[in-house]
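Heads up, the sequence shown is in our numbering, so the first residue is 1 and it goes up one at a time.
It is worth saying that the hints were derived from the structure and are not from the lab.
Pairs of lysine-lysine, DSS-like flavour, derived with a Cα cap of 27 Å:
#1 K210 x K318
#2 K77 x K318
#3 K77 x K66
#4 K31 x K66
#5 K31 x K318
#6 K77 x K89
#7 K66 x K318
#8 K214 x K249
#9 K249 x K210
#10 K157 x K168
#11 K318 x K37
Pair ranges (Cβ atoms, derived):
#12 D69 x D381: 52 to 58 Å
#13 I220 x D280: 20 to 26 Å
#14 A71 x G35: 43 to 49 Å
#15 Q171 x L41: 26 to 32 Å
#16 E200 x P397: 21 to 27 Å
#17 S134 x T155: 35 to 41 Å
#18 R145 x K37: 22 to 28 Å
#19 D381 x L150: 32 to 38 Å
#20 E358 x A82: 57 to 63 Å
Backbone N, C-alpha and C define an ideal beta-carbon position, used for all residues, glycine too.
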Amino acid sequence: MGELQMPADRQIDSISGLLQEGQSLVVQVTKDPIGSKGARLTTYFSMPSRYLVHMPSSEHIGVSLKIEDEAERERLKELVVACLEAEGKPEFGGFIIRTAAEGVCERDLRADIRYLYRLWQQVQEQIQSSSDTSLIYEELPLALRTLRDLVGEPTEKIRIDSRETMSKALQFVRELVPGVEELIEHYPGERPLFDLHGIEDEIQRALERKVPLKSGGYLIIDPTEAMTTIDVNTGAFVGHRNLEETIFKTNLEAAMTIARQLRLRNVGGIIIIDFIDMEDEEHRRQVLRTLERQLERDHARTNIIGITELGLVQMTRKRTRESLEQILCEPCPSCAGRGIQKTAESVCYEIFREILREARAYQAGGYMVLASQAVIDRLLDEESGNVADLEMFIERPIKFQVETMYTQEQYDVVLM
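Using the sequences plus the hints, can you model the full thing?
Now the structure itself:
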């Protein structure tokens with residue numbers, strides 16, 4: 001297998017000037033397939049760590065645009081160069097310094113460089129030993145990716161209910177995130193963590209079209225193939241002074257809520273926001289500034305393009321993975337694809353959590369799951385291994401019964 005780079009000294013008029021039929025290449029997926037759009041591939045590899053993104057085929061050292069202080073940008077560039085020399089790897093490719101690196105010390109950057117060096121060595125060894133189409137390297141699993149990207153100084157505790165995942169997490173943080181190890185603890189409680197922290201309810205709300213605001217207003221979020229539209233409404237909120245003040249407060253709250261909803265739902269692509277019309281120019285500026293400040297917390301790249309003549313805010317958010325709705329739902333067969341329903345897989349995992357809750361709350365001889373044909377088929381086929389594991393864990397049998405009148409999202413767990 002080989003790597004493909006664009007020659008710097010000549011112009012390529014045709015793809016045949018770079019590629020030949022039957023040629024083997026090492027490529028990286030930069031964007032997952034979404035809907036009818038295929039995956040996006042590149043031969044310019046990049047591998048992230050906590051504070052850096054390593055680009056083996058580049059010599060450039062760049063800094064995230066979200067780090068605006070010029071002195072800090074220069075400090076980080078010089079620090080990376082110094083760390084590379086100290087590690088004896090002055091020609092170890094290029095780097096992008098991530099936003100999280102702002103204010104970090106030399107020790108943290110050197111830990112990242114050592115981690116990335118070992119990772120790149122493993123990738124190269126895998127490339128050399130691969131002779132056919134095969135997976136060489138993939139992004140970290142969700143738990144470790146969360147530890148890498150989201151754990152910071154405000155983190156007080158990390159609870160993990162799986163001992164296997166906890167073991168992997170401890171091994172990972174010892175290598176890359178020093179000081180975090182003592183924050184990780186095993187959760188042995190009877191209540192599932194999703195229940196304890198209201199995650200199940202939060203996921204359900206993140207799938208709903210209507211998002212209530214504390215003031216009494218609400219958002220309507222409509223994803224389509226081309227873009228996502230968000231409509232802001234005052235609802236029952238009429239305020240205490242005048243209509244303009246009511247509209248302004250509703251729009252401010254909406255701006256904060258929209259930024260959070262985009263992250264929760266992982267909405268990407270083109271986004272059009274229809275704020276309620278405001279006559280005061282200063283109010284419009286404040287709402288836009290609020291939206292910009294809230295979006296600064298987003299790990300995905302966002303860009304507010306401006307306001308159209310109709311008062312619509314245009315923005316984009318980088319899309320690299322499927323949205324929450326695309327992951328958990330599928331087109332509803334009952335309405336010819338105009339709506340959505342949860343996938344059979346999503347319902348199966350809801351059933352598993354429900355059985356776990358019941359097993360911890362009641363002493364039953366076993367459990368009967370009543371569900372649709374599609375869900376029962378999946379439980380008996382693709383999820384049969386998980387069913388067996390759950391039966392072993394709760395030490396009770398689980399039986400299944402098809403209910404032809406149930407929709408795909410409907411189910412009942414009956415104690416036997």
